[in-house]
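Start from the sequences and build out the full structure, keeping to the hints where you can.
Under the numbering used here, the very last position in the sequence shown is 691; numbers go up by exactly one each time.
Read the hints as simulated data drawn from the structure, not as lab findings. Just so it is clear, CB atoms sit at the ideal spot from N, CA and C, and this is done for glycine as well. There's no promise every hint is true.
Subject to a maximum C-alpha distance of 25 Å in a straight line, what follows is the list of computed DSS-like cross-link-like pairs (lysine-lysine) [unchecked claim]: (1) Lys-660 / Lys-598; (2) Lys-608 / Lys-660; (3) Lys-576 / Lys-598; (4) Lys-608 / Lys-529; (5) Lys-631 / Lys-598; (6) Lys-608 / Lys-568; (7) Lys-631 / Lys-660; (8) Lys-529 / Lys-563; (9) Lys-576 / Lys-529; (10) Lys-598 / Lys-563; (11) Lys-608 / Lys-641; (12) Lys-598 / Lys-659; (13) Lys-660 / Lys-641; (14) Lys-608 / Lys-659; (15) Lys-568 / Lys-529; (16) Lys-608 / Lys-576; (17) Lys-608 / Lys-598; (18) Lys-631 / Lys-659.
Ranges of calculated distance between the beta carbons of each label pair, as one might list FRET restraints [claimed, not checked]: (19) Ala-528 / His-680: 18 to 28 Å; (20) Arg-524 / Gly-604: 24 to 34 Å; (21) Ser-679 / Lys-608: 11 to 21 Å; (22) Ser-647 / Gly-676: 12 to 22 Å; (23) Pro-661 / Asp-620: 16 to 26 Å; (24) Gly-572 / Asn-646: 38 to 48 Å; (25) Glu-681 / Asn-646: 15 to 25 Å; (26) Thr-616 / Asn-527: 29 to 39 Å; (27) Arg-524 / Pro-661: 15 to 25 Å; (28) Asn-567 / Asp-643: 35 to 45 Å; (29) Pro-606 / Asp-643: 32 to 42 Å; (30) Gly-676 / Asn-564: 28 to 38 Å.
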Amino acid sequence: TTVAKLAGRLTRQFNAKVGMVSVDTSGNGSNGLLRNCAREFGASLGEPHSKNEFNKIMWGFRDKDVVLVDTPGRSPSDTEGIGQLKNVLYDGLPIKTGLVLSMTSGSDNLTEACRGFEKLPIDCHIFTKLDEVNSFGSIINTYTRTKKPIAYLCNGQRIPQDIGVASHEMLGNLVFGRR
Numbered sequence: 513t514t515v516a517k518l519a520g521r522l523t524r525q526f527n528a529k530v531g532m533v534s535v536d537t538s539g540n541g542s543n544g545l546l547r548n549c550a551r552e553f554g555a556s557l558g559e560p561h562s563k564n565e566f567n568k569i570m571w572g573f574r575d576k577d578v579v580l581v582d583t584p585g586r587s588p589s590d591t592e593g594i595g596q597l598k599n600v601l602y603d604g605l606p607i608k609t610g611l612v613l614s615m616t617s618g619s620d621n622l623t624e625a626c627r628g629f630e631k632l633p634i635d636c637h638i639f640t641k642l643d644e645v646n647s648f649g650s651i652i653n654t655y656t657r658t659k660k661p662i663a664y665l666c667n668g669q670r671i672p673q674d675i676g677v678a679s680h681e682m683l684g685n686l687v688f689g690r691r
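Following this line, the structure appears as structure tokens:
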């Protein structure tokens, strides 16, 4: 839902022209959600089934202000799957990558996730499921270990309302118990 939340925020708050690309072919229903959100937010959606189709869609979206790419959830130990993502996504395209991390994972698992995805050029982190935990120190621990900026925080299922740009003030309030 993170890509859908970002698309909604960008189209509604900034009137941005947004393209969404889903390379998730797992059949878990996320493409249906993205199709609905694309209609609701006036965004474009591409669903490639090959690297060639991905490149064609990206070329077709060159008029967009932002293109968001939804990838399948991967285990950080799935080196083959991570390699496939790298092969499709990083072929000379100027892509900025946000690693989506679930707060329900716990600090040690977040660290392992970051290690597992080191093969990808991760630019920032997006933390989800803040509404499902009571402790937020693992956000700071992850930042300290990776030195990657924290871009967004997600605190619920509502699209697009439950996503916010991470700020020093917001992070401080979370860590020190002032939600």
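Right, here's what the structure says about each hint:
no., hint, result
1, Lys-660 / Lys-598, "19 Å, holds"
2, Lys-608 / Lys-660, "12 Å, holds"
3, Lys-576 / Lys-598, "23 Å, holds"
4, Lys-608 / Lys-529, "17 Å, holds"
5, Lys-631 / Lys-598, "8 Å, holds"
6, Lys-608 / Lys-568, "19 Å, holds"
7, Lys-631 / Lys-660, "14 Å, holds"
8, Lys-529 / Lys-563, "24 Å, holds"
9, Lys-576 / Lys-529, "5 Å, holds"
10, Lys-598 / Lys-563, "11 Å, holds"
11, Lys-608 / Lys-641, "22 Å, holds"
12, Lys-598 / Lys-659, "21 Å, holds"
13, Lys-660 / Lys-641, "19 Å, holds"
14, Lys-608 / Lys-659, "16 Å, holds"
15, Lys-568 / Lys-529, "18 Å, holds"
16, Lys-608 / Lys-576, "15 Å, holds"
17, Lys-608 / Lys-598, "12 Å, holds"
18, Lys-631 / Lys-659, "16 Å, holds"
19, Ala-528 / His-680: 18 to 28 Å, "25 Å, holds"
20, Arg-524 / Gly-604: 24 to 34 Å, "32 Å, holds"
21, Ser-679 / Lys-608: 11 to 21 Å, "19 Å, holds"
22, Ser-647 / Gly-676: 12 to 22 Å, "19 Å, holds"
23, Pro-661 / Asp-620: 16 to 26 Å, "22 Å, holds"
24, Gly-572 / Asn-646: 38 to 48 Å, "45 Å, holds"
25, Glu-681 / Asn-646: 15 to 25 Å, "20 Å, holds"
26, Thr-616 / Asn-527: 29 to 39 Å, "34 Å, holds"
27, Arg-524 / Pro-661: 15 to 25 Å, "24 Å, holds"
28, Asn-567 / Asp-643: 35 to 45 Å, "37 Å, holds"
29, Pro-606 / Asp-643: 32 to 42 Å, "33 Å, holds"
30, Gly-676 / Asn-564: 28 to 38 Å, "37 Å, holds"
Going through the hint list in order, the structure satisfies each hint without exception.
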